[in-house]
Amino acid sequence: MINYQYVELKPSIFTFGKSSFADNVPSKFWLKNDYPVHICCGGEHTAVITENGKLLMFGDNTWGQLGLGSKPAVSKPATVKSLRSEKVKLAACGKDHTIVCTSKGSVYGVGSNQEGQLGLGHCSNAASFHLLPPFCSHAPIKMLSAGYNTSAALTGSV
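Anchor point for the sequence shown: position 2 equals 2 in full-length UniProt numbering, and the numbering is continuous, going up by one each time.
Certain hints may be false.
[To be verified] Calculated pairs, DSS-like style, for lysine-lysine (alpha carbon to alpha carbon, straight line, at most 30 Å):
id, residue 1, residue 2
1, Lys95, Lys32
2, Lys81, Lys10
3, Lys81, Lys104
4, Lys32, Lys104
5, Lys71, Lys89
6, Lys32, Lys87
7, Lys87, Lys104
8, Lys54, Lys76
9, Lys95, Lys142
10, Lys89, Lys104
11, Lys54, Lys87
12, Lys142, Lys89
13, Lys10, Lys32
14, Lys71, Lys81
15, Lys87, Lys10
16, Lys104, Lys76
17, Lys95, Lys81
18, Lys89, Lys10
19, Lys10, Lys76
20, Lys32, Lys54
21, Lys54, Lys142
22, Lys54, Lys95
23, Lys10, Lys142
24, Lys89, Lys54
25, Lys87, Lys71
26, Lys81, Lys54
27, Lys71, Lys104
To be clear, the hints were calculated from the coordinates, so they are not data collected in a lab. Predicted, not measured: the structure shown is a model, and the values here were computed from it.
Hey, can you work out the whole structure from these sequences and the hints?
So this is what it looks like as structure tokens:
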């Protein structure tokens with residue numbers, strides 16, 4: 001006799017690290033009606049991209065790095081409504097800033113910009129996602145990276 005069991009292998013997110021938003025042991029959570037395909041962490045914030053191109057953010061928002069307005073912190077993933085009309089494909093979190101790239105190749109930045117890490121041409125912080133001026137028309141962006149007060153984009157044919 002053969003016994004079959006059905007186990008749904010739904011993608012899960014595990015967070016860990018001692019902070020206001022995580023424990024020092026892995027904690028698991030799921031997303032309803034969508035699947036995570038990309039995740040990145042900054043100083044004390046996290047970005048999640050779903051298979052449908054939605055951007056979800058949670059964690060500290062002292063510098064506006066979540067792109068959710070003036071809320072001080074968000075403990076559960078929240079959809080970034082200002083980017084709902086876009087399909088986000090890449091994200092990178094710096095210490096207190098976040099940059100994302102959409103399927104159309106547009107790059108947006110939010111959060112601390114004291115060193116110009118958002119690429120906006122000034123050093124004012126941003127609590128909502130701001131579109132960067134176009135900087136690479138010759139090839140699509142393949143990867144984003146963000147450091148303490150820096151950001152980078154890698155281009156190339158896909």
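Verification of the supplied hints:
| no. | hint | result |
| --- | --- | --- |
| 1 | Lys95 with Lys32 | holds (28 Å) |
| 2 | Lys81 with Lys10 | holds (25 Å) |
| 3 | Lys81 with Lys104 | holds (18 Å) |
| 4 | Lys32 with Lys104 | holds (26 Å) |
| 5 | Lys71 with Lys89 | holds (25 Å) |
| 6 | Lys32 with Lys87 | holds (18 Å) |
| 7 | Lys87 with Lys104 | holds (8 Å) |
| 8 | Lys54 with Lys76 | holds (15 Å) |
| 9 | Lys95 with Lys142 | holds (22 Å) |
| 10 | Lys89 with Lys104 | holds (9 Å) |
| 11 | Lys54 with Lys87 | holds (6 Å) |
| 12 | Lys142 with Lys89 | holds (9 Å) |
| 13 | Lys10 with Lys32 | holds (10 Å) |
| 14 | Lys71 with Lys81 | holds (14 Å) |
| 15 | Lys87 with Lys10 | holds (21 Å) |
| 16 | Lys104 with Lys76 | holds (28 Å) |
| 17 | Lys95 with Lys81 | holds (22 Å) |
| 18 | Lys89 with Lys10 | holds (20 Å) |
| 19 | Lys10 with Lys76 | holds (19 Å) |
| 20 | Lys32 with Lys54 | holds (12 Å) |
| 21 | Lys54 with Lys142 | holds (18 Å) |
| 22 | Lys54 with Lys95 | holds (22 Å) |
| 23 | Lys10 with Lys142 | holds (26 Å) |
| 24 | Lys89 with Lys54 | holds (9 Å) |
| 25 | Lys87 with Lys71 | holds (24 Å) |
| 26 | Lys81 with Lys54 | holds (9 Å) |
| 27 | Lys71 with Lys104 | holds (29 Å) |
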